[in-house]
Amino acid sequence: MSETAASDGRVDGELGVAGDVRTHADAHDTVVLPVGYSDAGRVEHLARTAAEVAGMMETTVRVLHVFTEARYREVCDRLNYPADARPAPEDLVGRVAPVRDVTNLLEDPLRAWGTTMDVTARVGDDVGGEIVAAAEAADAKRVLVGGRRRTPTGKVVFGSTAQRVMLSAPCPVTFVRDH
Amino acid sequence: MSSEPTGRTTTADVPLDRVVDDADRVVAFERYRPEHYGGLVEMYDDFPPEQRAQGLPPATESAITEWLAVLLDHVSVVAVHDGAVVGHAALVPDDAGNHELGVFVDDDYQDAGVGSALLEATFEYARSIGIADVWLSVARSNHRARHVYDALGFAEAGEKGRSLRLVREL
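Those protein sequence lines, which keep their order, are chains B and H.
Its first residue numbered 5, the first sequence is counted upward by one per residue in the working numbering.
Its first residue numbered 9, the second sequence is counted upward by one per residue in the working numbering.
Hint data in this document are derived by calculation from the structure and do not stem from the laboratory.
In this text the structure is predicted, and so the values were computed from the model without any measurement.
A hint or two may mislead.
To give a feel for the contact side, a few chain B residues facing chain H, derived at Cβ under 7 angstroms [stated by the list, open to error]:
1. Gly158
2. Phe162
3. Gln167
Simulated crosslink set (EDC-like; lysine to aspartate or glutamate; CA at most 16 angstroms straight-line) [as the list claims (entries may be wrong)]:
4. B:Lys145 <-> B:Glu73
5. H:Lys168 <-> B:Asp33
6. B:Lys145 <-> B:Glu48
7. B:Lys145 <-> B:Glu78
8. B:Lys159 <-> H:Glu132
9. B:Lys159 <-> H:Glu108
10. B:Lys159 <-> H:Glu74
11. B:Lys159 <-> H:Glu128
12. B:Lys159 <-> B:Asp130
Virtual Cβ for every residue (Gly too), placed ideally from N, Cα, C.
Using the sequences provided together with the hints, build the complete structure.
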């Protein structure tokens, strides 16, 4: 069975998103769920919250990963792309463990809520700016961000990406705080 | 047999320093010892919620206990007055081996010079065990704390969201 890329470049088959929870090309409203390497410890919470928000708002979920340029190059090299190749970031996103985890964890709750997801990726060093741009491009109804980190003494340092998104997103933002 | 004075098994209970604060209270600074634990928990339990900053101290006793387990594993100095713990400074190493400073002073002992003296005593002790510099994170909007750090010679070394990173050589 072959996977076709949707017109906007989404290739969901890479992640093995099950057919019954995969967003169709004609889908409309969506909430954007950015997932990065630093979200590894909160994937369950993010997935559960995103499914709940999308379910109640009757939208789909768009999982988004933003590669920094350096990380993009690193993954390209690891996959043996030629040095000058610029593969679509969607082709690489299956390599991002927390993205895989989130999509796996989303399947059941999305089924329960009766909604679907797709996965997109972008490349850019201004991660917050890319998330905002993705939300604008998708005409997102909501963006979910995680982003609380702790210093060694336990101080909560609000991530600059989360702050950037909250201040600039074109839609309301749901901040998913760690426990 | 032993020439060790009785009633003192280590030098850990000798105060690092002792000051008379602006309210004429004698406050001693001591390396943390297990005897301080109850007083420390009590201080954090009574910490006014509106004075919590950057999520600290934790709001519940169980979270305080969990948090202290991490902090007390490293360098801690307490301020003691009248048998009660009224201040706490902790240094916790980060992944790079640099030490982050955290400091908390009981409500009733703020603005009396206790915090600054506690930090001076902590820095001197830290220096004596080979710690060369410390850093800390402070909310940009926490002007009161920033003023204290400024007076103690901390310099800005970057920002993250709403927090500033300050550094100081010891």
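Hint-by-hint comparison with the structure:
1. Gly158: This hint holds: glycine 158 (chain B) lies near chain H, its Cβ roughly 5 angstroms from the closest one there, short of 7 angstroms.
2. Phe162: holds (4 angstroms)
3. Gln167: holds (5 angstroms)
4. B:Lys145 <-> B:Glu73: violated (28 angstroms)
5. H:Lys168 <-> B:Asp33: violated (33 angstroms)
6. B:Lys145 <-> B:Glu48: Distance ~22 angstroms between lysine 145 (chain B) and glutamate 48 (chain B) Cα, so the pair is violated.
7. B:Lys145 <-> B:Glu78: violated (33 angstroms)
8. B:Lys159 <-> H:Glu132: violated (24 angstroms)
9. B:Lys159 <-> H:Glu108: Judged against 16 angstroms, a Cα distance of about 10 angstroms means the pair holds.
10. B:Lys159 <-> H:Glu74: Answer holds: lysine 159 (chain B) to glutamate 74 (chain H) is near 14 angstroms, not above 16 angstroms.
11. B:Lys159 <-> H:Glu128: violated (22 angstroms)
12. B:Lys159 <-> B:Asp130: Between lysine 159 (chain B) and aspartate 130 (chain B) the Cα gap is close to 25 angstroms, so the pair fails against 16 angstroms, i.e. violated.
In summary, the structure is inconsistent with hints 4, 5, 6, 7, 8, 11 and 12 from the numbered list given earlier, while agreeing with the others.
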